[in-house]
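Colleague: Each chain, written out:
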Amino acid sequence: MAGKWLKISVLIMAFAFILTGCSDESGGEAGTNSDQTEITLGFYSSGSADEKMNELIQKFEEEHPDIKVKTQNAPYQQFFQKLDTQIAGGTAPDVWLSDGVFVQKYAERGAAKDLTEWINEDLEKDEYYGLDFNKDSDGKYWGVPQGIQIGALFYNKDMFDQAGVEYPDESWTWEDLKEAGAKLTIDTDGMKADDASFKPDSVKQYGLTFFNITEGWMPVMKSYGGGVLGEDLRNSIIDSEENKEAINYIVDGMERGIFTDPSDLQAFQSPMSPFPSETAAMRIGIYARTLAANETGVNYDVTVLPKGPDGERFSPTIANSWVISESASDEKAKAAWEWVKYWVQEDEVQKEWAALGEAVPVKKSVANSELFLESGDKPANKQAFLDSFEHAGTLDVNAVWSEWVKKFGDNINRAFLNETSVEEALENADEEVQKVLDEFYENQ
Amino acid sequence: MSDNLKPKNEFPDQQGGNKQKKSRLTLAKQKKPKPPKKKWLTNEGKWGLFMISPYLIQFIVFIAFTLIASLYFSFSRYDMLNAPQWIGLDNYDKLINDPVFWKSLWNTIYFTVLFVPTQTILALILATALNQSLKGLKLYRMAHFIPVISSWTVVLYVADAIFNPRFGLANDLLLKLGMEPQQWLNDENLVIPVLVAVAVWKGIGYMMIIFLAGLQNVPEDLYEAADIEGAGVLQKFRHVTVPLISGTTFLVLVLSTITTFQAFEQIYVMTGNSGDITAAGGPNNASMVLMLYLFQQGFAFLKMGYASAIAWVLFLILFAITLVQVKLQNKWVHYEK
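Those sequence lines, one after another, are chains A and B.
Heads up, the first sequence is in numbering that gives the first Met the number 0, so the first residue is 0 and it goes up one at a time.
Heads up, the second sequence is in numbering that gives the first Met the number 0, so the first residue is 0 and it goes up one at a time.
Extracted from the complex, chain A is given alone in its bound form (with noise of 0.2 Å):
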């Protein structure tokens, strides 16, 4: 008597637990007709911007009925650490949207699916801003833009004004930067920093705040003819007579006061704070900065950033980026470019999102219409963003971005703090880089 019912209520027991356990493959299929389509779509999100994107796809699923989307999203950290998982279960969405970091991650490793055919057959593309940025060395497309976000000067009018400073024009180089930013430094005492009873130590209003990567080193390096990685993204051009004068420059502004060095910007609660909060009269900033400024309510615009020693310019870009899966059946995947086309395609789509401003948009005549040059107070020079794409290039992504970038940023901040020499940083930034890029391309 006790083994039946042992059995009856293990059999219960295991039910329950496939049906909890696996809810989401069996819980949708259900409902969906057969001849529809259903296709899982996942996103990183966050608040308002979520709102939107279930419109967008409500929209999208009454313009082709024979489609139906499931979407699947979480905050930033958790949506790729989600995803990561998801795809090495074999449950990952059908189509997601990847931060433009990491798309070469997925590509690199065979989880994002090849859509170079279908970007020259369906898509013009001159039309859209930063499809480029998703292209491999090999040439191959690994995703389509959703969003672009890209560099500029961001400097506070009111701070430059107190100063009797003037703004920041496209003639600026780092140099006429540091020099500004010296007038704008002031420390506890309300001494500049050229004056010579100035204390670094104790620094109240910076001239620029540096955050780390596209904020940060990589836009000086870049322009002073330098930068991390070789064309091929997969050797280290770290140790360099360009990259020790870009560094140098930091170093300086950094010694002086001027700019925010890594320590600084832990003090401060979130280390993107200091230019909205005013305690900085200068960003590297790209386009969702913005949101940040204007929540504040601070006076400010924007320009290009300033040039290097050589007249060079580089506007730091990462495209955000749809992404279908490999592992998507044909026709899930074709139901997903569906998706992905419409995003980039229907006018009102990119108007829409555009309007939440948080990216530039992906399709060049929205973004070049009134739409985004004229939405909201400010920025009032939104033209900046736009004339900044002649300069842009992307971060030297590759499959393994994380991990280099780790690698040379705790090298590239002990310089920054004064712990060892710049050259001693980029010598042991270039050898650990290396191998971190040897070590994934060769078992490739």
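Incorrect hints may have been included.
Unchecked claim - Computed Cβ-Cβ distance ranges for the label pairs, DEER-style:
id	chain 1	residue 1	chain 2	residue 2	range
1	B	LYS175	A	GLU430	42 to 48 Å
2	B	GLU43	A	SER45	51 to 57 Å
3	A	ASP175	B	TRP105	42 to 48 Å
4	A	LEU355	B	LYS45	56 to 62 Å
5	B	LEU70	A	ASP175	56 to 62 Å
6	A	ASN119	B	TRP105	50 to 56 Å
Keep in mind the hints are simulated off the structure, nothing from the lab.
In this text, a Cβ means the ideal position worked out from N, Cα and C, and glycines have one as well.
Dock chain B against chain A, hints included.
Modeller: Just chain B now, with coordinates in the frame of chain A:
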């Protein structure tokens, strides 16, 4: 037939030589239909298994299976996105030559060596102090327990208000005392002591409660006897309290050693800028501990094989330490018979 044989079985001693032989044979035969003892599970056993089956299933699926899987991964190259490739001892080989691994092992040990005795001693003192009959005692106990139930994120904000190099109270105090302000969490030499201080503050309430439970089990008459012998407060503490709560102390020691080896959340939250796992563990890896390194290698850099190898080394170290603690307990832990 079985009915006939039954009485013989019951009184085998009374049988003659021949018959005894026969009965042994029949006995062997008979065991088959006699179920309860031979079955691998009794009814009660089955019910028992059934009752614990949720836990059992959980254990098999989420612990036993993952343990075996991680052991396998530790011998392979595994990026989560592709099938694991067997590479033998390569991961362990790399581990031995990885300076960051050694640094994080050292940091972990350093953290533990600072943390465990500090927390244990302070918790014991606190528990003794709160084991009195005072007015408002519950309030004091509760006050010490609040950090325990607060999340690390909340604790981080409190800690930041104190140790922020720019706006923190600690530097204000140092300045008032005429001393140099410190970088605290940004200082390679200070980061672990500061983390330990915060961890002790957060964890002490829990250990205090365990100690309190131990203290309340010390029979009152022993103290009375000690009073009669003329023992002072310190002597009573030394000769009555300490030996009688040694079992509790042992528990506290083992528990806190294990938790420090698993320290992750705190360091992740307190040293990683806005939850960035690749930023955590700084400055210059001075607060990189094994769990953090494991997580970073596995989840940020997709080196699950390598991360699994770290996990197994961590397990072996913890296992060895706990074993030593258990062995040593015979020397000093006193259990009441």
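Colleague: Hints first: check each against the structure and report whether it holds.
Modeller: Going down the list of hints, with the structure as the test:
Checked against the hint of 42 to 48 Å, the pair LYS175 of chain B and GLU430 of chain A passes, with Cβ atoms roughly 45 Å apart. In this structure the hint that GLU43 of chain B and SER45 of chain A lie 51 to 57 Å apart at CB holds, the actual value being about 55 Å. Roughly 46 Å separates the CB atoms of ASP175 of chain A and TRP105 of chain B, a value that falls within the hinted 42 to 48 Å. A beta carbon spacing of about 59 Å between LEU355 of chain A and LYS45 of chain B agrees with the range 56 to 62 Å that was offered as a hint.
The given range of 56 to 62 Å is respected by LEU70 of chain B and ASP175 of chain A, whose C-beta atoms sit roughly 59 Å from each other. Restraint check, ASN119 of chain A to TRP105 of chain B: a C-beta distance of roughly 54 Å satisfies the suggested window 50 to 56 Å.
In this structure, every one of the numbered hints holds.
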